[in-house]
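Participant: Quick note, the sequences are listed as chains A and B, same order. If you count by the working numbering, then the first sequence holds residues 1 to 162, one letter each, in order. If you count by the working numbering, then the second sequence holds residues 163 to 298, one letter each, in order.
If you are wondering where the hints come from, they were derived from the structure by calculation, not from laboratory data. It is possible that some hints are incorrect.
[Stated by the list, open to error] Which chain B residues stay away from chain A? Per the calculated CB distances, all over 10 angstroms, these: (1) Gly166; (2) Gly174; (3) Tyr206; (4) Leu207; (5) Leu208; (6) Val214; (7) Phe223; (8) Phe229; (9) Gly237; (10) Pro241; (11) Thr250; (12) Tyr276; (13) Thr280.
[Unchecked claim] List time: in silico DSS-like cross-link candidates among lysine-lysine, alpha-carbon distance up to 27 angstroms: (14) A:Lys43 to A:Lys60; (15) B:Lys270 to A:Lys43; (16) A:Lys87 to A:Lys137; (17) A:Lys84 to A:Lys53; (18) A:Lys144 to B:Lys172; (19) B:Lys168 to A:Lys87; (20) A:Lys60 to A:Lys39; (21) A:Lys43 to B:Lys196; (22) A:Lys53 to A:Lys144; (23) A:Lys87 to A:Lys60; (24) A:Lys53 to A:Lys39; (25) B:Lys278 to A:Lys137; (26) B:Lys270 to A:Lys82; (27) A:Lys53 to A:Lys87; (28) A:Lys60 to A:Lys137; (29) A:Lys87 to A:Lys43; (30) A:Lys43 to A:Lys82; (31) B:Lys202 to B:Lys247; (32) A:Lys84 to B:Lys172; (33) B:Lys183 to B:Lys172; (34) A:Lys39 to A:Lys84; (35) A:Lys39 to B:Lys278; (36) A:Lys60 to A:Lys84; (37) A:Lys137 to A:Lys39; (38) B:Lys196 to A:Lys39; (39) A:Lys137 to B:Lys183; (40) A:Lys84 to B:Lys278.
By construction, the Cβ of each residue, glycine as well, lies at the ideal position given by its N, Cα and C atoms.
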Amino acid sequence: MNFLSVLTGATLQTARTMALVFLIVIPLTIVFEVLNRRKFLDKISVRFSRVMKWFNLPGKAAFPLLAGMVMGIVYGSGVLYKCKNEKMLSNRDFMIVCTILLLFHAVIEDTLLFAAVGASVFWIFVFRMLFVIVFVKILLITGKVNPKLDFFGKSSQLKYKR
Amino acid sequence: MDEGIKVGVKDGFNFCLHLAKIIVPVTFTFSILKETVIFKQATYLLTPAMGVVGLPGSATFTLLLGFFSLYAAVGSIIPLGLTVKETTIIAMMILTAHTLIIEGGALKRMKLNYVKLTVFRIIMAFFIGFIVNLLM
Numbered sequence: 001m002n003f004l005s006v007l008t009g010a011t012l013q014t015a016r017t018m019a020l021v022f023l024i025v026i027p028l029t030i031v032f033e034v035l036n037r038r039k040f041l042d043k044i045s046v047r048f049s050r051v052m053k054w055f056n057l058p059g060k061a062a063f064p065l066l067a068g069m070v071m072g073i074v075y076g077s078g079v080l081y082k083c084k085n086e087k088m089l090s091n092r093d094f095m096i097v098c099t100i101l102l103l104f105h106a107v108i109e110d111t112l113l114f115a116a117v118g119a120s121v122f123w124i125f126v127f128r129m130l131f132v133i134v135f136v137k138i139l140l141i142t143g144k145v146n147p148k149l150d151f152f153g154k155s156s157q158l159k160y161k162r
Numbered sequence: 163m164d165e166g167i168k169v170g171v172k173d174g175f176n177f178c179l180h181l182a183k184i185i186v187p188v189t190f191t192f193s194i195l196k197e198t199v200i201f202k203q204a205t206y207l208l209t210p211a212m213g214v215v216g217l218p219g220s221a222t223f224t225l226l227l228g229f230f231s232l233y234a235a236v237g238s239i240i241p242l243g244l245t246v247k248e249t250t251i252i253a254m255m256i257l258t259a260h261t262l263i264i265e266g267g268a269l270k271r272m273k274l275n276y277v278k279l280t281v282f283r284i285i286m287a288f289f290i291g292f293i294v295n296l297l298m
């Protein structure tokens with residue numbers, strides 16, 4: 001009898017988890033698909049040049065960065081690959097974009113998945129943002145003070161001499 | 163617009179089925195496993211170590227699952243019955259260090275030192291857990 005109650009509990013919990021995942025994922029993919037068809041990313045990346053300046057990046061970097069943040073590394077990597085191949089960004093800028101993305105990717109999907117099982121969306125978002133800003137700023141500053149450390153490839157030195 | 167919604171539903175449903183393949187077995191097994199005596203003993207032993215990041219000992223297994231698969235970790239959180247704060251801590255830790263084997267392979271392909279980077283991710287996960295526990 002005890003075993004039976006454990007078994008029912010397990011079934012209920014599995015059903016609950018899956019129901020929550022369905023509720024989160026399907027609306028998300030619909031919204032994403034609709035926005036994608038309206039070239040939403042192109043439009044929004046124009047407004048991000050001020051944020052980009054703060055990370056010592058050109059305005060052009062906004063598109064690959066936002067793509068990775070929204071779609072995750074796997075889908076975003078298509079855009080990143082194109083950037084690198086067509087020399088849209090310098091080596092250094094490309095490395096900074098990759099560093100930011102490694103710490104801060106698939107922001108919407110992953111955060112909501114954890115929200116489905118009971119984490120706080122607000123705090124996850126705030127902490128991830130905080131860590132990526134602090135980490136990348138430290139790298140940029142140490143790279144500036146001591147160019148020999150050269151975190152973002154050879155071209156970083158040229159950039160700072162300017 | 164209509165076309166977008168149709169494609170969205172289809173993609174979302176397929177992705178959910180893909181997730182179900184991982185989440186259903188993990189959640190089900192985990193819900194039963196946590197009632198066993200061995201699990202409770204192990205939990206008791208691990209509690210002081212996990213106390214550093216403000217988590218109960220049972221969360222260790224979620225963390226270990228997260229090292230292999232993000233979605234398996236998501237599936238094993240509900241059976242644990244953690245508070246919002248604890249769930250947020252473990253979410254941050256797993257978001258920092260997850261799917262280490264597959265992503266390590268990707269790092270290796272890019273000719274980076276994947277062992278060093280993977281160790282770095284694990285250390286960072288505990289560091290982040292510690293800080294989140296302090297700040298929240």
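Participant: Now tell me if each hint is right for this structure.
Facilitator: Outcome of the hint check:
1. Gly166: Nearest chain A Cβ is 4 angstroms from Gly166 (chain B), so the label is violated.
2. Gly174: Violated: least Cβ distance 3 angstroms, not greater than 10 angstroms.
3. Tyr206: Holds, because the least Cβ-Cβ distance between Tyr206 (chain B) and chain A comes to about 20 angstroms, which exceeds 10 angstroms.
4. Leu207: holds, 23 angstroms
5. Leu208: Nearest chain A Cβ is 21 angstroms from Leu208 (chain B), so the label holds.
6. Val214: Label holds. Min Cβ-Cβ 17 angstroms, cutoff 10 angstroms.
7. Phe223: At about 15 angstroms from chain A, Phe223 (chain B) clears the 10 angstroms cut-off, so the statement holds.
8. Phe229: Check passes; 16 angstroms lies beyond 10 angstroms.
9. Gly237: violated, 6 angstroms
10. Pro241: violated, 5 angstroms
11. Thr250: violated, 4 angstroms
12. Tyr276: The claim holds: Tyr276 (chain B) sits with its nearest Cβ about 13 angstroms from chain A, beyond 10 angstroms.
13. Thr280: Holds: least Cβ distance 12 angstroms, greater than 10 angstroms.
14. A:Lys43 to A:Lys60: holds, 12 angstroms
15. B:Lys270 to A:Lys43: Violated: Lys270 (chain B) and Lys43 (chain A) sit about 35 angstroms apart, past 27 angstroms.
16. A:Lys87 to A:Lys137: Given that 27 angstroms is the threshold and the Cα spacing comes to 24 angstroms, the pair holds.
17. A:Lys84 to A:Lys53: holds, 20 angstroms
18. A:Lys144 to B:Lys172: The given pair, whose Cα atoms are some 48 angstroms apart, is violated under the 27 angstroms limit.
19. B:Lys168 to A:Lys87: Roughly 36 angstroms separates the two Cα atoms, so the pair is violated.
20. A:Lys60 to A:Lys39: holds, 16 angstroms
21. A:Lys43 to B:Lys196: With a Cα-Cα distance of about 49 angstroms, the restraint between Lys43 (chain A) and Lys196 (chain B) is violated, given a limit of 27 angstroms.
22. A:Lys53 to A:Lys144: Distance of about 16 angstroms is within 27 angstroms: holds.
23. A:Lys87 to A:Lys60: Measuring from Cα to Cα gives roughly 11 angstroms; hence the hint holds.
24. A:Lys53 to A:Lys39: holds, 23 angstroms
25. B:Lys278 to A:Lys137: holds, 22 angstroms
26. B:Lys270 to A:Lys82: Status holds; Cα separation ~21 angstroms.
27. A:Lys53 to A:Lys87: The given pair, whose Cα atoms are some 19 angstroms apart, holds under the 27 angstroms limit.
28. A:Lys60 to A:Lys137: Distance of about 20 angstroms is within 27 angstroms: holds.
29. A:Lys87 to A:Lys43: holds, 22 angstroms
30. A:Lys43 to A:Lys82: Roughly 19 angstroms between the alpha carbons, so the hint for Lys43 (chain A) and Lys82 (chain A) holds.
31. B:Lys202 to B:Lys247: holds, 22 angstroms
32. A:Lys84 to B:Lys172: violated, 32 angstroms
33. B:Lys183 to B:Lys172: holds, 17 angstroms
34. A:Lys39 to A:Lys84: With a Cα-Cα distance of about 21 angstroms, the restraint between Lys39 (chain A) and Lys84 (chain A) holds, given a limit of 27 angstroms.
35. A:Lys39 to B:Lys278: Not OK: Lys39 (chain A) and Lys278 (chain B) at ~39 angstroms, beyond 27 angstroms, violated.
36. A:Lys60 to A:Lys84: holds, 12 angstroms
37. A:Lys137 to A:Lys39: Violated, at roughly 31 angstroms.
38. B:Lys196 to A:Lys39: Roughly 47 angstroms between the alpha carbons, so the hint for Lys196 (chain B) and Lys39 (chain A) is violated.
39. A:Lys137 to B:Lys183: violated, 40 angstroms
40. A:Lys84 to B:Lys278: OK: Lys84 (chain A) and Lys278 (chain B) at ~25 angstroms, within 27 angstroms.
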